[in-house]
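Protein chains: 2
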Amino acid sequence: MAAFQMGSGYAVPMTLFKNNRDRVCKALLQQLQKNLKFDSGNLLVLLEGGKDKSLYNTDVDYVFRQESYFQYLFGAKEPGCYGILTINVRTGGVASVLFVPRLPEEYSTWMGELLTPAEFKAMYEVDEVYYLDELTDYLEKAAPKLILTLSGTNSDSGLTMQPPEFDGKEKYVTDCDLLYPILSECRVIKSAEEIEVLRYVAKVSSDAHIRVMKFIRPGKMEFEGESLFLHHAYSVGGCRHASYTCICGSGTNSSILHYGHAGAPNSRPIQDGEMCLFDMGANYCGYAADITCTFPANGKFTDDQKFIYNAVLDARNAVAETARDGVSWVDMHKLAGKVLLQRLKAGGMLQGDVDEMVEAGLSAVFQPHGLGHLIGLDVHDVGGYLPTEPKRPNEPWLSKLRFARVLRAGMYVTIEPGCYFIKRLMDGALANPELSKFINVDVFNRFRNFGGVRIEDDVLITQNGIENFAIVPRTVEEIEATMSSD
Amino acid sequence: MAAFQMGSGYAVPMTLFKNNRDRVCKALLQQLQKNLKFDSGNLLVLLEGGKDKSLYNTDVDYVFRQESYFQYLFGAKEPGCYGILTINVRTGGVASVLFVPRLPEEYSTWMGELLTPAEFKAMYEVDEVYYLDELTDYLEKAAPKLILTLSGTNSDSGLTMQPPEFDGKEKYVTDCDLLYPILSECRVIKSAEEIEVLRYVAKVSSDAHIRVMKFIRPGKMEFEGESLFLHHAYSVGGCRHASYTCICGSGTNSSILHYGHAGAPNSRPIQDGEMCLFDMGANYCGYAADITCTFPANGKFTDDQKFIYNAVLDARNAVAETARDGVSWVDMHKLAGKVLLQRLKAGGMLQGDVDEMVEAGLSAVFQPHGLGHLIGLDVHDVGGYLPTEPKRPNEPWLSKLRFARVLRAGMYVTIEPGCYFIKRLMDGALANPELSKFINVDVFNRFRNFGGVRIEDDVLITQNGIENFAIVPRTVEEIEATMSSD
Ligand SMILES: [Mn+2]
Ligand SMILES: [Mn+2]
Numbered sequence: 001m002a003a004f005q006m007g008s009g010y011a012v013p014m015t016l017f018k019n020n021r022d023r024v025c026k027a028l029l030q031q032l033q034k035n036l037k038f039d040s041g042n043l044l045v046l047l048e049g050g051k052d053k054s055l056y057n058t059d060v061d062y063v064f065r066q067e068s069y070f071q072y073l074f075g076a077k078e079p080g081c082y083g084i085l086t087i088n089v090r091t092g093g094v095a096s097v098l099f100v101p102r103l104p105e106e107y108s109t110w111m112g113e114l115l116t117p118a119e120f121k122a123m124y125e126v127d128e129v130y131y132l133d134e135l136t137d138y139l140e141k142a143a144p145k146l147i148l149t150l151s152g153t154n155s156d157s158g159l160t161m162q163p164p165e166f167d168g169k170e171k172y173v174t175d176c177d178l179l180y181p182i183l184s185e186c187r188v189i190k191s192a193e194e195i196e197v198l199r200y201v202a203k204v205s206s207d208a209h210i211r212v213m214k215f216i217r218p219g220k221m222e223f224e225g226e227s228l229f230l231h232h233a234y235s236v237g238g239c240r241h242a243s244y245t246c247i248c249g250s251g252t253n254s255s256i257l258h259y260g261h262a263g264a265p266n267s268r269p270i271q272d273g274e275m276c277l278f279d280m281g282a283n284y285c286g287y288a289a290d291i292t293c294t295f296p297a298n299g300k301f302t303d304d305q306k307f308i309y310n311a312v313l314d315a316r317n318a319v320a321e322t323a324r325d326g327v328s329w330v331d332m333h334k335l336a337g338k339v340l341l342q343r344l345k346a347g348g349m350l351q352g353d354v355d356e357m358v359e360a361g362l363s364a365v366f367q368p369h370g371l372g373h374l375i376g377l378d379v380h381d382v383g384g385y386l387p388t389e390p391k392r393p394n395e396p397w398l399s400k401l402r403f404a405r406v407l408r409a410g411m412y413v414t415i416e417p418g419c420y421f422i423k424r425l426m427d428g429a430l431a432n433p434e435l436s437k438f439i440n441v442d443v444f445n446r447f448r449n450f451g452g453v454r455i456e457d458d459v460l461i462t463q464n465g466i467e468n469f470a471i472v473p474r475t476v477e478e479i480e481a482t483m484s485s486d
Numbered sequence: 001m002a003a004f005q006m007g008s009g010y011a012v013p014m015t016l017f018k019n020n021r022d023r024v025c026k027a028l029l030q031q032l033q034k035n036l037k038f039d040s041g042n043l044l045v046l047l048e049g050g051k052d053k054s055l056y057n058t059d060v061d062y063v064f065r066q067e068s069y070f071q072y073l074f075g076a077k078e079p080g081c082y083g084i085l086t087i088n089v090r091t092g093g094v095a096s097v098l099f100v101p102r103l104p105e106e107y108s109t110w111m112g113e114l115l116t117p118a119e120f121k122a123m124y125e126v127d128e129v130y131y132l133d134e135l136t137d138y139l140e141k142a143a144p145k146l147i148l149t150l151s152g153t154n155s156d157s158g159l160t161m162q163p164p165e166f167d168g169k170e171k172y173v174t175d176c177d178l179l180y181p182i183l184s185e186c187r188v189i190k191s192a193e194e195i196e197v198l199r200y201v202a203k204v205s206s207d208a209h210i211r212v213m214k215f216i217r218p219g220k221m222e223f224e225g226e227s228l229f230l231h232h233a234y235s236v237g238g239c240r241h242a243s244y245t246c247i248c249g250s251g252t253n254s255s256i257l258h259y260g261h262a263g264a265p266n267s268r269p270i271q272d273g274e275m276c277l278f279d280m281g282a283n284y285c286g287y288a289a290d291i292t293c294t295f296p297a298n299g300k301f302t303d304d305q306k307f308i309y310n311a312v313l314d315a316r317n318a319v320a321e322t323a324r325d326g327v328s329w330v331d332m333h334k335l336a337g338k339v340l341l342q343r344l345k346a347g348g349m350l351q352g353d354v355d356e357m358v359e360a361g362l363s364a365v366f367q368p369h370g371l372g373h374l375i376g377l378d379v380h381d382v383g384g385y386l387p388t389e390p391k392r393p394n395e396p397w398l399s400k401l402r403f404a405r406v407l408r409a410g411m412y413v414t415i416e417p418g419c420y421f422i423k424r425l426m427d428g429a430l431a432n433p434e435l436s437k438f439i440n441v442d443v444f445n446r447f448r449n450f451g452g453v454r455i456e457d458d459v460l461i462t463q464n465g466i467e468n469f470a471i472v473p474r475t476v477e478e479i480e481a482t483m484s485s486d
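These protein sequence lines are chains X and P, in that order. The first sequence: position 280 = 280 (UniProt numbering), numbered continuously. The second sequence: position 143 = 143 (UniProt numbering), numbered continuously.
Treat the hints loosely; a few may be bogus.
If several chains are the same, the list does not tell them apart, and a pair holds so long as it fits within one copy or across any two.
Keeping only pairs whose Cα atoms sit at most 25 angstroms apart, straight-line, the calculated BS3-like set for lysine-lysine is [to be verified]:
#1 423 <-> 121
#2 400 <-> 53
#3 423 <-> 334
#4 141 <-> 121
#5 37 <-> 26
#6 53 <-> 37
#7 220 <-> 145
#8 334 <-> 141
#9 423 <-> 26
#10 300 <-> 345
#11 306 <-> 338
#12 300 <-> 145
#13 141 <-> 423
Quick caveat, the hints were computed from the structure, so don't treat them as lab data.
Assemble the whole structure, with the sequences as input and the hints as a guide.
Laid out in structure tokens, this is it:
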């Protein structure tokens with residue numbers, strides 16, 4: 001049985017991708033068959049894999065990462081491929097076909113012995129493998145009545161994927177709109193095999209977080225945490241890529257949601273008495289983790305740090321106890337916000353009626369992002385705002401949500417409540433009488449240089465609740481114990 | 001004095017980039033002034049900085065790396081900038097102007113407090129900083145007689161950089177051809193300040209190589225070496241990026257010149273008795289290292305391993321003793337090839353007259369790549385085949401050279417002779433009577449599964465010789481001693 005494996009890392013069976021293909025073909029037939037203008041012959045799905053990307057016009061390429069939809073269906077490591085699913089609409093039979101570049105023989109000097117189509121077929125367990133220059137011939141023989149290509153807009157990035165070009169395209173009936181929402185929806189509900197990969201990459205990422213937590217001390221640089229995380233994930237877990245740029249904020253940097261970017265590259269020395277917010281996730285075989293741990297740099301929480309940390313932890317626990325199949329994600333966001341405000345009130349930072357605070361949108365002052373997001377092959381995974389699903393809410397304190405759906409068993413999401421003290425938002429709240437009336441200004445201002453806390457888990461939605469794949473210390477006691485142990 | 005610094009890493013003074021700018025402006029005036037159709041007013045150089053690159057249409061960006069020409073002139077970490085040098089052609093006076101994106105205030109929540117133009121000016125020590133939306137106004141006031149933009153083809157990648165677009169371009173006389181060769185030539189000769197950065201990143205990379213060499217043992221995975229190298233370079237040296245994808249080949253993989261690519265991601269367990277060829281280089285403030293160490297997996301050379309290793313080492317030493325200002329790089333390539341063939345003959349693998357072997361091109365059977373390349377901001381640095389310099393040689397065994405120039409003091413190049421046993425090339429040589437007559441087939445075939453050896457240094461060319469910035473164990477004795485120490 002063929003598999004993807006790095007070292008002693010998890011062996012991802014190629015049946016995972018076969019399963020994905022079967023699921024997509026079934027969904028296509030189910031949803032399209034009635035509207036197809038033919039009841040025999042072939043319906044084709046044609047996907048273009050990712051291509052090598054060079055660093056500007058230099059001789060250096062980025063380390064290749066496969067495009068996620070292509071990875072979902074074919075699990076192929078190599079750049080420059082195409083893939084086809086040929087579906088017989090009468091029988092429902094499917095043939096999976098991978099097209100690989102025909103490289104000049106002399107490339108073997110730089111790339112190693114070139115694999116034959118038969119070797120690719122054995123490696124990826126697809127039905128057929130051809131060279132890319134055979135695509136035109138294949139299409140002529142398959143004589144599809146309709147070719148579905150992939151094009152659509154990512155609701156998180158706003159970026160649109162263009163449909164692929166191929167020789168002879170004009171000879172066929174093609175459609176580039178039908179496939180995207182159906183394929184995206186298939187990616188939302190994880191299969192048993194996908195769940196095991198996600199569990200693995202979350203465990204590797206969790207262990208890496210724990211190692212970083214034990215390592216960090218005042219005087220270390222933020223980027224030393226990033227480096228150690230990446231090293232553990234790769235050398236121990238076989239994860240060559242991170243799923244996103246590591247966010248390693250200390251002190252006030254812990255309140256910068258996307259800290260770690262090129263202009264602020266985790267380059268600050270960590271100080272005694274500060275909080276560290278480290279948001280880092282590895283990637284294995286394309287599948288992502290996305291975990292945040294927040295902890296005191298010196299290993300021991302102050303009372304103020306406990307106050308904010310436990311407020312966020314309570315919000316997280318409330319969601320973890322409530323989320324399950326059938327529950328609305330918007331309600332979970334509201335629940336987390338309400339619990340956070342309750343705890344901030346209990347600690348003396350806020351005053352007045354919590355339900356009124358919620359209605360006034362006060363929670364977005366402290367947590368200006370959504371409660372979490374779908375996760376899978378992409379860290380902000382597809383399927384958030386598909387045409388058939390609830391639209392993005394208009395209320396400012398809900399509009400940052402990356403999806404507004406009812407949770408279903410098999411969904412995989414992050415739960416990541418946070419509480420940050422961000423100058424612009426703090427000043428804005430104090431200047432707005434509708435918000436400032438709830439604020440105990442002295443206590444509030446005491447936290448101006450606090451930074452922030454985020455607790456982010458990766459959880460599988462089940463019929464009865466959730467299963468959390470992020471296995472890291474979460475309570476104050478657990479974190480302090482971890483950081484004081486070797 | 002403003003500087004770029006990561007942790008306790010080298011503090012790169014911003015005067016480095018000021019120096020670069022002055023050098024370029026001087027070269028432009030020197031080479032263009034006679035042909036300019038104006039003798040007063042402004043000549044402008046306008047460059048576009050690198051932009052953020054997303055991973056397909058997802059919400060994830062690659063970690064940003066600045067475009068090298070822009071880095072050379074402005075040293076700016078941030079994406080989305082433009083830069084201008086305004087040269088008064090009568091006085092020779094220069095104003096350096098950086099244009100930064102005007103980000104919406106709410107971006108501070110994700111990116112941290114937005115820097116003001118004054119803060120950018122202090123950070124990069126340029127003369128003026130404006131927002132990008134002020135570029136049009138700036139140009140109108142500067143009223144340039146001619147705007148030089150950057151466009152040209154990289155002689156290693158074959159990729160062409162397109163000239164930048166900007167509002168109002170049609171109102172000005174622009175030229176996109178003059179700048180590229182002059183700016184590229186400036187990058188070839190390193191300044192004193194650049195040399196110190198290159199020395200630093202080579203030292204960090206050398207130390208990382210040594211750490212990897214001590215760590216590797218039979219049973220380790222190749223990628224564990226990659227991971228440890230990257231971790232040392234980042235956590236100790238502050239190098240967030242590698243200069244190119246790490247090549248960590250063991251056994252026959254050590255003969256694959258660009259091993260480590262996505263299809264062969266350093267994913268093999270290292271075996272006892274094998275050679276390891278690890279080609280890895282860090283990047284600091286844009287500046288590159290490119291170092292290769294080859295060593296036995298178990299720390300002890302066999303006689304066959306010594307034979308090949310010392311043949312390559314002798315070739316390297318011969319070049320190191322001969323290269324200096326005024327010497328032709330093509331001659332150095334020939335010298336390395338000749339010494340290699342001599343040693344292979346002395347060891348019984350070859351027979352006959354060495355000069356005849358050289359003429360027949362036999363060295364390319366063992367080393368199918370050039371002796372080395374210019375290195376600087378790009379690992380394969382620009383300046384190789386500029387219009388004013390010698391053309392790429394036609395002879396097959398010379399045509400892979402990345403430059404064919406006469407060495408000049410201040411050039412920084414790799415010296416990287418190698419000897420590989422590559423099936424396709426071995427079979428080709430045996431099938432070619434012009435080559436096979438020199439080959440002792442039994443000995444030759446004994447090395448079919450040997451893999452390869454490369455020794456790669458990064459050296460500064462001086463008036464009297466070279467200075468080697470790669471400080472790693474090189475002799476058999478040094479390597480064995482390093483690998484047997486803690
Ligand atoms: Mn997240
Ligand atoms: Mn090199």
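- Taking each numbered hint in turn, which are not upheld by the structure, reported in ascending numerical order? 6, 7, 8, 9, 12, 13
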